[in-house]
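Spelled out from the first residue to the last, the chains are:
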Amino acid sequence: MFQIRIHGRGGQGVVTAAEILAVAAFIDGKYAQAFPSFGSERMGAPVMSFCRIDDKFIRLREPVMDPDALIIQDPTLLHQVDLFSGVRPSGYILINSSRSLEDLGIAELISRFPNARLRTVPASEIALENTGRSLPNAALIGGLAALTGILGSSAVTEAIRKKFPGKVGEANAAAAEATYQAVASGRAWVSKETRHAGTY
Amino acid sequence: MPEPIEGSQAVAAAVARCRPEVISCYPITPQTHIVENLSSRVRKGEIGNCQFINAESEFGALSILIGASAAGARSYTATSSQGLLFMAEAIYNAAGLGLPIVMTIGNRAIGAPINIWNDHSDSMSMRDAGWIQIFAETNQEAVDLHIQAFRLAEELSGPVMVCMDGFILTHAYEPVEIPAQDQVDAFLPPYDPVQVLDPADPVTIGAMVGPEAFSEVRYLAHHKQLRALERIPELGGEFRERFGRAPVGLTEAYRTEDADTIVVALGSVNGTIREAVDELREGGIKVGSLKIGLYRPFPTAQVRAVLHPAKRAIVVEKDLALGKGGIVSGDVKMALRGLPTIVQTVIAGLGGRSITKASLLRMIGEARAGKLDEPHFLDLNWTVIHQELERQRRQRRSGPMAEHVLRAVNAVSSKIT
Amino acid sequence: MDDRQRIKFYQTGTFTVGNRLLGEEDRTVQSRMERTNSLNSGHRACQGCGEALGARYAVDAAMRAAQNRLIAVNATGCLEVFSTPYPESSWRIPWLHSLFGNAPAVAAGVAAALRAKGRTDVKVIAQGGDGGTVDIGFGCLSGMFERNDDVLYICYDNEAYMNTGVQRSGSTPPSARTMTTPAVGEHPGNLSGTGKDVPRIAMAHGLAYVATASVADLRDLEAKVTKAMGISGSRYIHIHVPCPLGWAHDPALTIRVARLAVESGLFPLFEAEGGKITGRTMIRRKVPVERYLELQGRFKHLFGERPDRAALAAIQSIADAHIAEYGLVDKGTSRGDSSGT
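Chains as they are written, first to last, in the working numbering: chain A, 1 to 200; chain B, 1001 to 1417; chain C, 2001 to 2341.
Bound conformation, chain A alone (with noise of 0.2 Å):
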């Protein structure tokens, strides 16, 4: 069983993202459960999001306290909440950011996890210079499958286009698919107006 915990702020799109994950296994061909842990409806209040993926029926029913990988997606929680309680030792760390583990001041945090994949993707800028909205949870999904290796591409595009019709999916499908490139490549990821003016 592969259990994911994504952390972020309501309003953030934190529970369609474990949809998505969800979808995306399922088309896969695994079985998959995804929930949210709860508070009233509330724009800005931390919120986390859990999804669980298997070969068979999934019988377990409760938080993910200890996943193999963690989204996220509000960077502003690193400080406020634990993020990182339970993350297993070689465990995947994904962080929507711009801003490099120090300049987060989280180097020190993060040195507790020798073992952890961790990569930070800008995932608000490429969803927006794809969507033209800076919600970053579909595209944290494609970085989560290039990361991880659990779901492939494809699977999450073809998620994303079910749970949002039209151009809306296209283009979350599309941030994932560039988020996924972004965190496969292992370069950094550069804005298209950046690439245009050729300074790199």
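Hints may contain errors.
Stated by the list, open to error - With a straight-line Cα cutoff of 30 Å, these simulated DSS-like cross-link-like pairs (lysine-lysine) come out:
id	chain 1	residue 1	chain 2	residue 2
1	A	Lys167	B	Lys1224
2	C	Lys2300	C	Lys2227
3	B	Lys1224	A	Lys162
4	B	Lys1224	C	Lys2227
5	B	Lys1044	A	Lys56
Stated by the list, open to error - Derived contacts from chain B toward chain C, CB cut-off under 10 Å, selection only:
id	residue
6	Pro1020
7	Val1203
8	Val1209
9	Gly1370
10	Glu1374
Just so you know, these hints were derived from the structure itself, not from any lab. Glycine included, C-beta positions come from ideal geometry on N, C-alpha and C.
Following the hints, put chains B and C in place on chain A, whose structure we already have.
Showing chains B and C alone in chain A's frame:
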């Protein structure tokens, strides 16, 4: 083909297939997604000949269905927690009048203190009102249950409550198969009322009944409930034939044949319990589990048959009878009367506190070692308890208790760094 | 020819001369052989019960208008209790009693079921006393109004919770004695400045039709029910029904008491559509409120050796305000007559 879908949406799809004629609704977390989805389906014409009514309160919502059902319409609503309590008078009225209303309960704790998360206190508060109560373990079961519920309600001419854990099931996204319309139609014929308001054949419904007849009327209602114990397995057999899936039964035993300890529970926690059972079995520990699907009427004979060979039954329940302890464990004890099986009460999951496999493993170990208090409160923070009791002892005007406990568990996030 | 005998019709403007002098179509439902007698005899109402009278008048008129395809939903209360003493029922129509506070909602559900089944030919009425309508059923009532459910709601207002032994309701008038507003202390009887005007509240919901009626005027009551039955959506009729027991008046005087309430101005008869007054019944001969109050034991404490002039004046000013508000007295022709009817 199963599709990944949110529990609420799956239930709404199943209810839509059952061709309800009148749906009333009043919003309350966590069932709201169900009625929202149904309102959309009605608007789009997906459910033919269906009236969707936005009621002014839950009391209004169920009252509307009392009228609708008495006039011969297949009737449905959903509620939780405070909403169920607000319609309490109508709950008893619907059962007493013998109206086949089906209602989903998205199980949620009852305040004060106000709490929107899952436990079974709401359904438990109405357990003796005369509604059939069945608890779903998974969203597939929830879907299948609603289809069986309409059939059962209309056959017996009495209301049925389908209970599913709020958030844990209602908001969980997992693969569920929604049966096709023709399959449901073959299983669920149009509603043929036992009594109906019809100008062509007038009847008076709802007379006052005095001491000379009330006991007999109540006994007949009790008898009707007991008939469900026979009817549900029969309907289940028919369900399995038509839909190719196991129906929700009265109870479901797991690895209990040679078990010395059997964990008993209602609802979704059974999944986690089975994980714990398998892990213990791998270590050679003879543990099993018994899921109670039908809670009212209580499947006394089945519970007794499964539990009596075991040394110990641990009833894990998401409810608390203040001043007494367990509710379900009381039912289980009654079922085991005269037998030496120890019944252990474990109060867990109140107000949405997660019941984890780790805690269950620890608790089962302690129970088997005879070290568990009775009733046992799983994962209770005794430090906070003692702190709060001491605070109240020190000061007469000790202030609102809940707020102080929240502060003690550091749930008040007013720190600014 | 000039010596032709002239017959003086005192009650001009009404038809109380006698049904036999009227054309077929103008006769009351109650005078017809084919009236359904929906609330049949054998019920257990008190002698002189205004509510039993009002219900029979109203439901028979509704049945006629609905061509005998009517379903009635009844709140808990006097009418429900005295009409269905198990195992008997005096209702000849399909009739449902659920709870005290939910008749409007239950009726809305019946209407929805009929609509779902395409049975728009069957009509629905809901009935309740003032308790079940003005107080405990108020939330459901407002919900029904707001949704414009296709129900005619009839309130039989005897101004207190009579079935449970005469307790004060939101409809109890000022100074009235009830078991919970006893005639003792500094302000005997019901407090002034309290109470709800539900017909006006119904108007504020913008209902297609709202009317008040009285058992003193059968023809007017039947006409209003008939008119309401020809309109769809939520409709509300508020009928004043004296209660000999609770009001402590001679049971033989039920209709007279009801008429005096109207003629004093305390119970105005009017109609409203879409929130605006569209009709009123003029007071033929205005009477001072004392004529009405002095017949009832529940106002006894206002009279006697030391009459409570302040309270009586306050009640009179309520009557006068109604008269002004609804234009109930034709200033040119009214004759104040203290001799009573």
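key: Per-residue hint verdict: valine 1203(B), partner chain C, C-beta under 10 Å   = holds (6 Å)
message = Can you verify the interface hint for proline 1020(B): is its Cβ closer than 10 Å to any Cβ in chain C?
response = Constraint on proline 1020(B) satisfied, holds at 9 Å.
message = Next pair to validate is lysine 1224(B) with lysine 162(A); report whether the Cα-Cα distance is within 30 Å.
response = Given that 30 Å is the threshold and the Cα spacing comes to 46 Å, the pair is violated.
Restraint check for lysine 1044(B) with lysine 56(A), where alpha carbons must lie at most 30 Å apart = Distance of about 36 Å is beyond 30 Å: violated.
key: Hint validity - valine 1209(B) Cβ closer than 10 Å to any chain C Cβ   = Interface hint status for valine 1209(B): holds (5 Å vs cutoff 10 Å).
message = Would the hint linking lysine 2300(C) and lysine 2227(C) be met if the CA-CA limit is 30 Å?
response = violated (38 Å)
query = Can the restraint linking lysine 167(A) and lysine 1224(B) be considered satisfied, given a maximum Cα separation of 30 Å?
reply = violated (56 Å)
ask   = Holds or violated: are the alpha carbons of lysine 1224(B) and lysine 2227(C) at most 30 Å from each other?
value = Violated: lysine 1224(B) and lysine 2227(C) sit about 45 Å apart, past 30 Å.
query = Hey, does the glycine 1370(B) contact hint survive, CB to chain C under 10 Å?
reply = violated (51 Å)
inquiry  = Hint glutamate 1374(B) vs chain C: min CB-CB distance below 10 Å?
reply    = Not OK, violated: glutamate 1374(B) not within 10 Å of chain C, min 41 Å.
Checked against the numbered hints listed earlier, the structure breaks hints 1, 2, 3, 4, 5, 9, 10; every other hint is satisfied.
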